[in-house]
Amino acid sequence: MLEEMCQEWQKMRRGRVPIAGLIVLVPLLYTLLFGAVYSKNSVTDIPLVVLDEDQTTLSRQLIQVYADSEKFRIVHQTNREEDTKEVLQNGTALAALEIPVGFQKDIETGRQPTAAFAVNSANNVFGNVALLASWELNRTFSIAVGQKLLEGINILPGDAMDAAYPIHIGVRILGNPTAGFADFILAGLSANGAQIGLMITVTPLLTILLTQRKSASASAWKVMLGRLVPYFAVSFPALLLSLLLACGVFAVPMRGAWWQVMVLSGSFLYFVLGVLMVFSVLSPDAVMAVQLPLFYIMPSILYSGLSWPMESMTAGTRLYAACMPMTYLAGTLRDVMLLGASPDFWLSTGRMLLYGTICLLLAGAVFSWRWRRQMRLSKATVKTGDDAPCME
Amino acid sequence: MYGMKAVGKLLWHEVQYCFRDPRRFIFLFGASIIYMFIFGSLYAPGVVKSVPAVFCDEDQSAFSRHYLRDLADNDSFGDPLYVSTEEQLRQALREKQGSIGVLVPKYFSRDIKAGGHTTVLFLFNGENLVTTSIVARDGEHVTETFSNKVASQQLALRSSVDEQSLLQKIEPMETGLRVIGNTSQTYSWFFVIGLAIAAYQQGLFFAGAASLFQVETAEWKKYSAGLRTGVKMFFVWLMAMLSFVLMLWVMHSFWEVPLRGGHLWPVLALGAAFALAVTGLGFLWSACFEQELGFARVSLLYPVVGFILSGYTWPLLAMPRSIQLLAYILPQTWMMNTFRDLLLVGSVSEVWDAVKVLLLMGFTFCVFAGIFVRRRLQRLSGAATVSF
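Each protein sequence line maps, in turn, to chains A and B.
Per the numbering used here, the first sequence starts with residue 1, numbered consecutively.
Per the numbering used here, the second sequence starts with residue 1, numbered consecutively.
FYI, nobody ran anything at the bench for these hints, they're computed from the structure.
Straight line, CA to CA, 25 Å or less: simulated PhoX-like cross-link-like pairs of lysine-lysine: (1) Lys222/B to Lys5/B; (2) Lys113/B to Lys148/A; (3) Lys221/B to Lys5/B; (4) Lys149/B to Lys113/B; (5) Lys96/B to Lys49/B; (6) Lys11/A to Lys222/A; (7) Lys148/A to Lys149/B; (8) Lys149/B to Lys105/A; (9) Lys40/A to Lys71/A.
With the hints as constraints, model all of the structure from the sequences given.
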């Protein structure tokens, strides 16, 4: 087994782009690149077009509230509704604020005018951020105006504020107080980089072994496990280094213990290697072995519950998600990093180790069978004096 | 005439090869459709509803119960779990029994009735921002409505002014929200469109590489390397266009993605330009590798990077300038958002700019790919015996 490990390690170090280098570089590059992408942490400066049909003090004050907000950037002011629609349609602005004629007069006479806010929600991220921000700005404006109106009916200024706004809302976001996007997703993307790094390097392994090995000097099990160890040994520190980078460079918090991160990462990579071995042994050739997990490994980041909550998935999709290593890592790792602990820590770790073992047993059994068959075939061809067709 | 006949023969040869090695068809036609079903079913509920909630009512008054009932009646909130103390509330959130916690403080009712104010605390298990933003919006909306109603009632009692006219002062304006494009803000359309395009692109890469690395017959080698290269790229582009039309049809028929404005020709023009750019890029990239395995390995690094850099989920304007510049050299960036806006909003204003850029990319990639692939084919098969 040691000999197999050494052989594989030698192979991993060779080549123009060594396999070992790929395994290390992919998660690191993913972390650096996506860390840079999400470095602003939140969406600001949403381009806004304003249509002020009222042109009064109050309408200008409402516009000023939007202008002062970091969420919006006024890019255009129009005089007609058609122009506003056109600006939205051609993409110059992604949101529009429309203040109707008689806005101030209607407020003063208690007719509750409607300020319209339109948003292009083809991108849901924009849509959600813009709607929430607009609602909050309008609320602030409305409270301030309401307070003034109540003062007009002989209520003292201090009392008027409480009268207009009796229930305040305090919001506290546990674990991610700034609602930062990098904190939310970067660790998951680093882990995804690690599994993609493994996917592109380890999946052809068994197919290549089956077609290139000339003699059965060791048992199939020893060959498979011995060959896998270097992949684990390289990918494990690579993943930890990526997470360290996420914390050190992009300030993703690490409130939990590093030993927990190590246990989770180790179990995750063990499961990933097990799954990839199944793909490897079932594929007819090396290229197919690399291509097939496209439908399994690639969707795993979105199936993991990292962005789309598990509660909103159907039973079928939850079952598919349950087969993916990322499902057990992503949420648990984020809990450990952001909240300091996860109630699912041992359960996720245990499941990853169990499923990884099942996958390895399955892959090993099939590999063992194909290995013996291959050796029998090659012996037969040697006896009949033919060239072995599938040897190197 | 003879040239056209040769082109026809070579195209027929490619078709036959595809039937012998169906992987190419599977990736070309299947990748985007499989992704549509994988992600269409994932996002089938469309919107996030019934988020698990934990309520802590320290006041235990009629007012507080009424308020919490209003919250629980909202679609975004699931059946709430009730706890007695703030510590239990936090514990429940830590143990994932809920994603949102609402704490109604002691003296909630008394403070309001006395003309003062009170603060309701929303605690989010904020590691999931999708849940947080949706529940925050709905929770705050319910609270505002309740607050305004209570305010007008209490003020009417104290001031003897009509409750309705007080409500008009407390809530002096209304906000009309209008969502353009994805009106119900469903995530299924959003992701089905984006991920189908990402898979389509990857399928195209694989198909191009399979064509490039296929074993050539003696008959095939009779033709010049330049002609063989051109035919290979043209064949993949042609299949890509068929695949694009099939993808559109599946999107529209099965996932009910609209084609607002009915701009079919701009959609096809965009698809054709994108297919050209990706075909060129795929051939150019794969020609840099000695074996198909090497290309398959490296190309799989691209889908996640391309998808995120395209600005499809995280907007380009929220990325640093250097990353934006990097994103603009990828065909996907010019395709994804324009294609989505064309389907969901019916916006054609950016289409022609995107088509121009994609065509420019396509021709550039194809020219360089032609040079590299031709050299490769010449190297592999020696000098061609028939030239045009």
